[in-house]
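Visitor: On the provided structure of chain A, position chain B as indicated by the hints.
Protein chains: 2
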Amino acid sequence: MGRNEELESLRDQVRRITDEIMRDVQKRLELAEQIGEIKSRLGIDVKDERVEQEIRVKVMALAGEIGMNEDFALRLLNILLEQSESVQALERQQPQKQTHLAVFMKAKQLETAGKKIIHMEVGEPDYSPPAIVGDSLSESFRLKRYHYTDTRGIPSLRDAIAKDAGLPEDNLIITPGGRFAVFSAMVALVKAGQEIIVIEPAWPAYKECANFIGAKTRVLKTRLEDSWTPNTTQLEDMINPATRMIVLNYPNNPTGKVLEKKTMDRILSIAKDHGLYLLSDEVYADYAFNSRFHSVLEYGYEKSIMVSSFSKRYAMTGFRVGYGIANKDVIAAMTKVQAIGITSVAEPMQHAALAAMAADYSQNVSLMKKRLGFVADKLRKMSLRFIEPEGAMYVYPEVPTLDDSTLVERLLGRGVAVAPGSGFGDSYKNFVRISACQPSEFLGRGLDIMATVLQESGR
Amino acid sequence: MGRNEELESLRDQVRRITDEIMRDVQKRLELAEQIGEIKSRLGIDVKDERVEQEIRVKVMALAGEIGMNEDFALRLLNILLEQSESVQALERQQPQKQTHLAVFMKAKQLETAGKKIIHMEVGEPDYSPPAIVGDSLSESFRLKRYHYTDTRGIPSLRDAIAKDAGLPEDNLIITPGGRFAVFSAMVALVKAGQEIIVIEPAWPAYKECANFIGAKTRVLKTRLEDSWTPNTTQLEDMINPATRMIVLNYPNNPTGKVLEKKTMDRILSIAKDHGLYLLSDEVYADYAFNSRFHSVLEYGYEKSIMVSSFSKRYAMTGFRVGYGIANKDVIAAMTKVQAIGITSVAEPMQHAALAAMAADYSQNVSLMKKRLGFVADKLRKMSLRFIEPEGAMYVYPEVPTLDDSTLVERLLGRGVAVAPGSGFGDSYKNFVRISACQPSEFLGRGLDIMATVLQESGR
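Sequences listed follow chains A and B, in order. Under our numbering, think of the first position of the first sequence as 89, with each following residue one higher. Under our numbering, think of the first position of the second sequence as 89, with each following residue one higher.
Keep in mind that the hints were calculated from the coordinates and are not lab data. Don't take each hint at face value.
[Claimed, not checked] Coverage of chain A stretches by chain B, computed from C-beta distances (three or more under 8 Å per stretch; other residues unrestricted):
id, segment
1, 94–103
2, 124–132
3, 424–435
[Stated by the list, open to error] Here are the simulated DSBU-like pairs of lysine-lysine, each with C-alpha atoms no more than 35 Å apart in a straight line:
id, chain 1, residue 1, chain 2, residue 2
4, A, 251, B, 196
5, B, 251, A, 194
6, A, 424, B, 457
7, B, 279, A, 194
8, B, 295, B, 424
9, A, 115, B, 279
10, A, 295, B, 416
11, A, 416, B, 194
12, B, 416, B, 391
All residues carry an ideal CB built from backbone N, CA and C; glycine is no exception.
Looking at chain A on its own, in the form it has when it is part of the complex (with noise of 0.2 Å):
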C-alpha cells in the first residue's frame, strides 16, 4: 500500500471514529436529560459534586491506563460535563441576581430622577487623593507624559512598589485597577475546564473572572457562627486534579474578616502540598486595625499572586491604577495578556500614582477605623449579628427577618442604598453590605431608617 493509500485509509477511519465519538457524546447528553428529569421531580439539586468528582477520578484513571494526556482529558471531560449540566438546568433559569453594583446602578438612576440617596452600597471612599496627586494631573502634559509606556508600567513607578516589597522588579506588574491583576493573573494561569476554589461570601468578581475563562469555580462557604474562618478541612477536600488556583481576600470585602495566623499558614501548606495558584487579593490591607494581617508575600510562596491598588489606599478609584506581585514566569504571562487587552497603563495616571507614594494615608485609615466603629455600634444597637469589622470598609450584619432585595428595595425607596448580601453568594440572602465610605452623620441617618424598615418588618 502507498503512502498516499495508507494517508487515505487512515482517514477514513478518523472519520469513522469521529461519527461515533459525535453519536456517543449526543447519547450522553441525552442520558443526562433523563438524569434530569427524574431529579428534578426528586426535587434534587442538578449539580451534584459528589458524582461528578467520582466520574473525574474515573476518567483520570482510565486517561492514565490508556496514554491519554491528563490535561486534555480533563478538558474534555468538563465540556462533557457543563453541557450535560446546562441540558439539565434547561429549564429552570435562575433569575439574575442583584450585587452591589445594580444596586449603585439603580440608585444613580433614582438620583438622576431627583431623589436623594444615601449610598452604603459601593466601595468607594468618599475623601479625596492626596493633594500631591493633583499637582502631578498638573505637570502631566508639560512634561509629555502621553505616551505608550512599557506593558508592566514605568519604570519609576514599578522600582518604587518593588522597593517597598522588597523584591525585584521583573516580580511586579502594574494593571488598570487591582480588577485587572485578578483578571490577567486568572486568565494567564486558569485553563477552560480547569477549577478555582473562592471562599464566600467574596467580591463576586473573581467568580465572574472564572466563568469568563469557562473555568469551574468550587466556592467554600464561610459562616457568621465560625466568625467568618474557612474550614481547612474542607478546602483540602475539595482539591481535585482539575484544581488550579485559591483565591483569598482578606481583610474581606464584605466581611470585614482578618484571617488567623495558623488558617493562613495551613491554606499556604495546602496550596504547597498541592501545588496549586494563591491568588491574594490585598487591596484592604492598609485598612487592617489589628496586628494580624498578613501578606501572602511574608511566605515567599513560589506560585503566589499578590493584588493591590491605589483604588482604596489613597482614594484613587478613578486613576485605575493597581497591580500585581508574583514570579517573574507569572508576570511574563500576565504581561501578555495585558498587552493583547490594553497596550498599557495611561501614562499620566501612573504618574499619579507614583505621587500619591509619597503622600501620608494613615488618617484615611483611621478615619475608616473610626465609621466602622460607628456603624458596628449602630447595628449593635439594632440587635444585629455581625463580626466587628477587623479590617476593609464594610460591615456584614444578617438580617434574618428579610430577604436581602426585599430589604433592598424597600431601603432604595426610602432614599438609602445598601448592597445585598446574596451579591456575595448564593447563601448569604439573610445578609447586607453596609460601606461606611460616608461621612458618619450620613451613615447614622441610613441606618436609623434601615432600623425603621426591619421594625416595620415585624422584627
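Guide: Just chain B now, with coordinates in the frame of chain A:
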C-alpha cells in the same frame, strides 16, 4: 423500578458511555499521530484546511441528524482537531516571530545603553495632543474627576461621540484604547473553536485576540501586485459554519491602503449573506487622504462593530481612550467584558478625550500626508516597490534582496528601527513597515541608512 434505582441505572449507562467516548477519542488521537508521521515523511504540512473543512461539514450534518446543538458540536470538534494538530506538530515548534513591538523594546534597550535610535518602527505620532487637553488634566483634581464611572464611559463623552456619529449613545462604549474595543468585541462575540477572517498584512492584535479566545484565524492574503486589494471570491470561499466575524482595517496598517468602494460593498454583502459580524477598525479614518474612504457605519449593517480611538487623531496614545460603535446588544456584551476586566476607563482620561474633541486636528493630518509623501519619494529613489499610501501613517515597501529580520537587525545595528514585514503576516518576509511618526529630517536620515544597507546586501 423506583426513581432512585432508575437514576442509578442511568448513571451506570453514563459511566459506560463516558468510558467509550474517552477510548474512542484516544484512538482518534493515535490515528492523527500516524497521519502526522506519514505527512512528515511526505513533506506535507500538518495543517490541512481542506480536510478539516470536510470533517466540519460532515459533523455539522451529523449534528443536525442526531439533534445535537450545533455550537456544542463545533466546539467539541474543534477541541479534537486542535489536539490532533498539536499531537501531529509536537516536534515541529515554530520560532517566536518578531513584531514591531519586539523591535521597539530592543530599540529602547539600545537607547538605555546610550545608543541613538531613529524610531520608524512604532505608530505613535511625535506631535503633541491639543493644548486644551493639558487644561483638562490640570482641572481634573479640583473638579473631583477621580471616581469610578459608568462602565460604558462618562455620559458627556458618550453623548459627544454619539452625536458626531448620529447615533444614540446606547450604541457606544468608551474603552481603554481601540485595542480593548477590538478585544472586548471579539471576546463577547466569538467563542473558542469559532473562526474569524483577517485580511493580511494586518496589525497582529486581531490574531492575538483570536488566539487568546481559542478561536481560529483564517487568513486572506493580499498582494502588493494587486495593490493590496482583497479577493472577495476567496473571502467568500473561506466562510464555513464556524465563521463568525470578518475583520477590516482601512486605512490599513501597515500598507496605507484604502478599500475601493465596490470592494467594501461586496464585503458588506458577503457579511450580510452569511450573517457574520464585521469588525471595522477605523482608528486611521482621520488620516484618509482620498475621498474613497467609507466607514462601515455608512452601511447601517446590524452586525457591524466600528472601532476608533483618540490615539492617532489627537496623538493621545498614552491616554488610552478608544471606543466601539455597534448595535446595543453587542455594546451590552462588550460592556460585560469591560466590567469584568477593568470596571471603567480612568475618569481624568475620559475628560481629557472630551476636551480634545473641541480641537482642530487638520494640521496633524496634513503633516502626516506630507511626511508620507517624503518617505514615498525616498523609497522610489531606492527603486523599491510599494503603493503610495492612501491613508494611515505608514509605507510598506518590498525589500526583495533581504529577509526582514536580517534587515531589521542590520538597521538596528546602525541606529535605525523599522518594523519587520512578517510581523503583519507570515507571507511578508520581504517587506518592512516604515512609520512616518518622526520629523522628515530624521526619516530622511533613517532611509539613507536603509538605502546603504540594502546596497551593501548586493542590490
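Visitor: Does each hint fit the structure? Answer for all of them.
Guide: To see whether the hints hold, each was checked on the structure:
no.	hint	in the structure
1	94–103	holds (count 7)
2	124–132	holds (count 4)
3	424–435	holds (count 10)
4	A:251 with B:196	holds (23 Å)
5	B:251 with A:194	holds (25 Å)
6	A:424 with B:457	holds (34 Å)
7	B:279 with A:194	holds (31 Å)
8	B:295 with B:424	holds (22 Å)
9	A:115 with B:279	holds (24 Å)
10	A:295 with B:416	holds (25 Å)
11	A:416 with B:194	holds (19 Å)
12	B:416 with B:391	holds (10 Å)
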